[in-house]
Each structure stands twice: as C-alpha cells, then as structure tokens.
Amino acid sequence: MSGRRQAAPADLVLHVGLPFAGGDVLRRALALLRPQLREHGIAYIDHAELAGLPNLAGWRAVGDGHDPKLAARFGQDLGALVRGARAQCAAGERATVVISSEWLLGAAPLGIADESMLRPDAAAALGQVLAALEPRRARIVLYTRRQDRLLEHAYIRRVMGGHPQPPRTQFPFRLRPVLDLGDLVRRIAAVPGVADVVVKPFELRPDGVAAFVTDFLHSVGPAGLLDLSEVSALEPGRIYSAEAVRVSQAVVGHMDTHDERIRWRAFAVKTFGVPNDDEEQTRVFSDSVRLSILGAYRQLNRDFFGEYVPGVPRSTYDGVAPEPTAVRLGRSVRRAVGTARRAVGTARRRLLALRPGRR
Amino acid sequence: VVASACEIVVHVGTHKTGTTLLQRYLTKHAHELAERDARYVEREEMAQMVGWGNRLRADPQALRQRFDDVAAVPGTSLVVASHEDLIGHPFRSDGDGLLYPSAAENIATLGQALDGHPVRLVLSIRPQDGFLESYYLQSVHEGGHKSFERWLQQVDLDRLSYRPLVEALATVCGAENVRIVDFGRIKQGAEGFLEYFLRTIDPRLDMSVEYHASHNRSLSAKGLQMALAANARISTPEKRRAMRFYLQKHYSNADYPRAEVMPAELKQQLRKRYQDEYEQLTGLGE
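Protein chains in written order, with this note's numbering: chain C, 1 to 359; chain A, 360 to 645.
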C-alpha cells in the first residue's frame, strides 16, 4: 500500500481515520508498542487521551470559532498533553508525536453529518490542532474506505443505535456522490501547516495485524526496528455481523431507553459479532445496493485511485466482482496462520509472565 | 420377575407444573431423602433412558435395570424419579389435536420397566388455559416465532382433558396408586408448594422445605414481542439459547407487565369446559 507525497520525517503524525478503517486495532497495537516507540523517539497519544480534553465531541463549535474561549482552552490542553508525552521520551522535545483519532477530522461516527460532504469539518478541526501545536512538519495519514463500506458501516451503527429503518430511509443521500475521497484529501492538504498527506486505501491493506501496523509505521519512521511479536498476537476487534444487524432490526424498535440499547449492543457484539477482518460476515447491503452506490461514485473513485494509488485493479473501487477461488483460499490460509500466530504469541506472553522475578 | 418390597414412585409430568422446581430440590437434598430410606433417580439420568418416550420404548430394560439397581441399595425402601418428557410432547402435528398423544403408549412401556415393584405414579397438572399459555411461551423461549393464534391451530380445544392420562396411569398401577398434584397450589409460594408436592409423592417425604431456588422467570409482554421478532433471524441453537437467557434476564415478568397471550374470552371458555373435571381430578390428591 502506498500513498503520494511521502517525504522527510515529520515531527507530528496525525492518523485521522476514516472510521471503519482499522483505527481500533491500530491504536491497540500502538498502545502495546508505546515503550518501544518512546525508545525510538516517538511519543504516541491515542483517542482515549484526547477524549479527556474538554469538548472534543463539540468540535463543530470549536472549529467554527463560535466559542473562542473553548478553542483556546482546547489548544492549551492539547499542548500540555503533547508536552507531557514528549517528556516521557528519551528524545524529549525532539520526539515525533503520533496522535490517532478519527475526531481529528471533526467527527467520529460517519452518518448524517456527512450528508453534504465527507467530513465537512475536517479542515477546521485539523487547523485548530495544527495552530495549537505549531509543528515543524506535520504529516496526515488517512486510511480511506470505499463508499459502499462507509455507508454500510454507518448504517449498521444506526441500526445498533436504535434505528431499524432501511438504508433508503436513513441515508437518502446514499446515491449522491457526496463522499468524495479526493476532495477530502485536497481539503486536508490545503490546511495551513500540513506538510504531506499519506493516503492508504484500507481495501489494499496487507493481511495480518503486524503487517498492517508495519505499513502504518513506515509513515512514522521506525517500521523495521520494533519487535512486533506482541502485536502479532492481537485479536482482531469484534464487530457486528450481518446477523447481528438482522436481529437488531427486529428488536431495537421495542427498546425504550438508551441503557437498554447500550446493553443490547454489548450482547449483540458478543453473541452475533465476528472478527472485524471478516469482511464477508459484515455485508448487510445487497449486491444491487452496493453496485448502485459504487456506480454513483465511479468517476470520482477512478480519479481518486488514479491519482493516489495508480495501477490498482478497477474492481478495487468499481464493483463487486466475485473473488477467484484461489484468492478466497489464500485469505483463509492467511487467516488460519494469523490465528496460529496469535495463539503462539499468547502462549509466549503467558510463559514470560511465569518467569521468576516477574509478577 | 423377582418381587421387591421397595416402592417406586414416578412423577411423569405434565410440563409447566413445577417440575424443574421439584427436580432441583430432590437433586440438592439427596441426604434428606436418604435419611428417609429414599433415593432419587436424577432427571439427567432419566433423560438418557427415556428421551421423549422414544428411548424408553426402544429399550425399557435400561430403565428397569436402573430402578432395580437403585432399589437394591441397602436401606432403600423408596425410589423416586421425575421426568416430564416421559409422556412425550403435549402436541404433535400428527397427534390429531390430542393432548399428549404418545402418553398411553409411553406409560404402558413404563409399566414394563416397573414390573415387580410396588408402584405409585404421580401426575402434576394445571388448568388448561394456563397450561396452553405457559407452554406456548416456553416454545417461544426456545426459539419459536409463531403467534399464539397460529400456534394454537395445532391444538384441539375439545381434547385437552387430563383424564386419558390419568386412566393410562391407572392401567399400570391401579387408580388407587395414582396421585394428582395441583399446580394451582404454587400460589402458596415455592416452599409450601414443594412440601405439598413431596407429601403427595409419599407421606414419608415430610421435609420442612427451605429452598431458595432461582426463580424460573417468564417472558414479559415486551420480552415476548422481542423474542417473536428475533427468533426467526437467529442462525444457530447456541445463539438462540444466548438470546433466551438475555431476554429472560432483562425482559422477564419481574420487571415488565406479564405477557397475556390468551384472549380473556377463550380463557373463560376453557375454564368452563374443564373446571369440573379439574376439580374432580385434583380432589384425588387431597
């Protein structure tokens, strides 16, 4: 997987999403690697730490400058967070700061907010962050997803949130080409202080958590220098399967309270969930719905992939051509190898924990 | 056949009449039974030999052998067994609408397994309207998704008499050795009901019951709606089971209004139709 405009090392790397593009597992991996990253001069801050700052969720207000006091306080607190993270690195002030959060583009859940434009507050939100941190060189890493999957995941999220109505009711804009990936990259690149944007289509990610993390680390620096054995053992997160959505469509309408829905979601992901690398089990849209969405985006995607990832097969962004058997088998084998690796990693960690002198 | 002095009492159902309550109690209080020279053949063990009556019919010798073995344990004068599936499914698509259509055949086979012992057979029953409602809710609880009206189509409301069951039991052990337990007594509370149930099985089981069983909660109206909507969309028995526990835990009649599935008019009609018979039968247990 490659992006355009990768250049000299940055002192600030912002992983900004998109949603449903591996952010969760990447953050879990980076959290595990934090001690090693510090040794290599990298201070990692993740979404959970940002969430402690005031009004991250009210980004629209901050970004629009409706509340300058709030914006100033956010800037101060973010600055303090970054200084604190750098202080824990051997490199101190020279450390590269990596921050991962979908909120850096102004909103995390994808849905109604994106009705007229993909991540409409992206420039404002990023501008606030960069103004507060004043990096020498800021790199933005953006994982993209095909619009059918973005909409599909957004729909799943809506159902699990208590809205069982069909996609045509909840996403009337689904066939309007408003989720323009190329436009988003251009808006991000135009933010003052952005040195380069690394674009990584999630559909082209390498298989396995370790390979995925390594690919990301190439955008940061020390990709080949870290021990990724613990990362290899990471279980993929669990997400709602198509069955979870079908059952939820049947029951969420009967639920009256927010607490009921929260409880249901936990049960649904435990009972009907699947590993988030299982693309097949999470397909909710029919092929015809998927094709009509992709049809609406055909020209935009052709331009986008042609510019940022030239040479990829058209089926990557243009349709739902069935995979050849060999490809499916290959994926099954790789998945089995991944599972075995994780099991070995877990056993190794347990053995290490049993060593004398370790508690 | 060697005649034995050890008496065998078998509780054969019906379903939804406190059977789990009784069976759990007997399992947990084996020592109190032993103090009274009594032994209990556990439900799981019975299930292996009985199934829904099919296993019993295929091999009655297995159950007979088990009863003989338990009866032969020194100091045993009473063997108690309980398994409500022994009389089969209450309703079968090929059962011509009859309540427990396999019961007569299964009970006759049970008679073979009990041959040579003094025998008493116990039948616990509840009024037909409550039985139908409760059994329907159970079917939804276990993954069914038919509405009550559709489910009821398999039932002949004129053939819900318990009398054929009682007569089949009497054929095996004589009418004087048939005992009837009235589930209506559950209104006294679980402990009072259990004491009554145990004494009906045998007067020697005169334990003072202190039993804090986890209540087998029923689905509320809300839980029932959710189960009906969801069950058809769930792919495996394991997931249906998980769903069942989830709904039972969070949407039972302990927290929400109870499910009223049977129209009041039908309820009254069934009461009127079977009340006299029910009172006569439960009078046998007094």
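FYI, nobody ran anything at the bench for these hints, they're computed from the structure.
We treat Cβ as the ideally placed atom computed from N, Cα and C, and that holds for glycine.
Any given hint could be a false lead.
Just a few of them, taken from the derived set where beta-carbon distance is under 8 Å, the chain A residues facing chain C [said to hold, decoys possible]:
(1) Arg522
(2) Lys598
(3) Met621
DEER-style ranges, computed between Cβ atoms [as the list claims (entries may be wrong)]:
(4) Ala580(A) to Pro109(C): 43 to 49 Å
(5) Arg263(C) to Ala580(A): 15 to 21 Å
(6) Arg509(A) to His254(C): 48 to 54 Å
(7) Ala406(A) to Phe173(C): 43 to 49 Å
(8) Ala580(A) to Ala72(C): 37 to 43 Å
(9) Gly475(A) to Thr339(C): 53 to 59 Å
(10) Glu597(A) to Gly92(C): 39 to 45 Å
(11) Arg617(A) to Thr339(C): 43 to 49 Å
To be clear about the criterion: a stretch of chain A counts as covered by chain C if any three or more of its residues have a C-beta under 8 Å from a C-beta of chain C, and this derived list gives those stretches [what the hints assert, rightly or not]:
(12) 421 to 434
(13) 599 to 607
| In this structure, is the beta-carbon distance linking Gly475(A) and Thr339(C) contained in 53 to 59 Å? | Given about 58 Å between the Cβ atoms, the range holds.
| query | Does the hinted range 39 to 45 Å hold for Glu597(A) and Gly92(C) at CB? | reply | violated (54 Å)
| query | the stretch 599 to 607 of chain A covered by chain C? Criterion: 3 or more residues, Cβ-Cβ distance below 8 Å. | reply | It holds, with 3 qualifying residues against the three required.
| Verdict for Arg263(C), Ala580(A) (Cβ pair) under range 15 to 21 Å | holds (19 Å)
| task | With 48 to 54 Å as the target window, see if Arg509(A) and His254(C) comply at their CB atoms. | result | Between Arg509(A) and His254(C), where Cβ atoms are some 20 Å apart, the hint is violated.
| message | Checking hints one by one. Is Lys598(A) an interface residue toward chain C, by the C-beta closer than 8 Å rule? | response | holds (6 Å)
| Is it true that Ala580(A) and Pro109(C) lie within 43 to 49 Å of each other by Cβ? | violated (33 Å)
| said: Next item in the hint list is Met621(A). Is there a CB on chain C closer than 8 Å to its CB? | reply: Hint on Met621(A): violated, closest Cβ of chain C at ~21 Å, above 8 Å.
| message | Looking only at beta-carbon atoms, does the pair Arg617(A), Thr339(C) fall within the given range of 43 to 49 Å? | response | holds (46 Å)
| field | Cβ separation of Ala580(A) and Ala72(C), checked against the hinted range 37 to 43 Å | value | violated (54 Å)
| request: Report holds or violated for chain C covering the stretch 421 to 434 of chain A, Cβ cut-off 8 Å, minimum 3 residues. | output: violated (count 0)
| Per-residue hint verdict: Arg522(A), partner chain C, C-beta under 8 Å | violated (41 Å)
Going down the numbered hints, you'll see the structure goes against 1, 3, 4, 6, 7, 8, 10 and 12, while the others check out.
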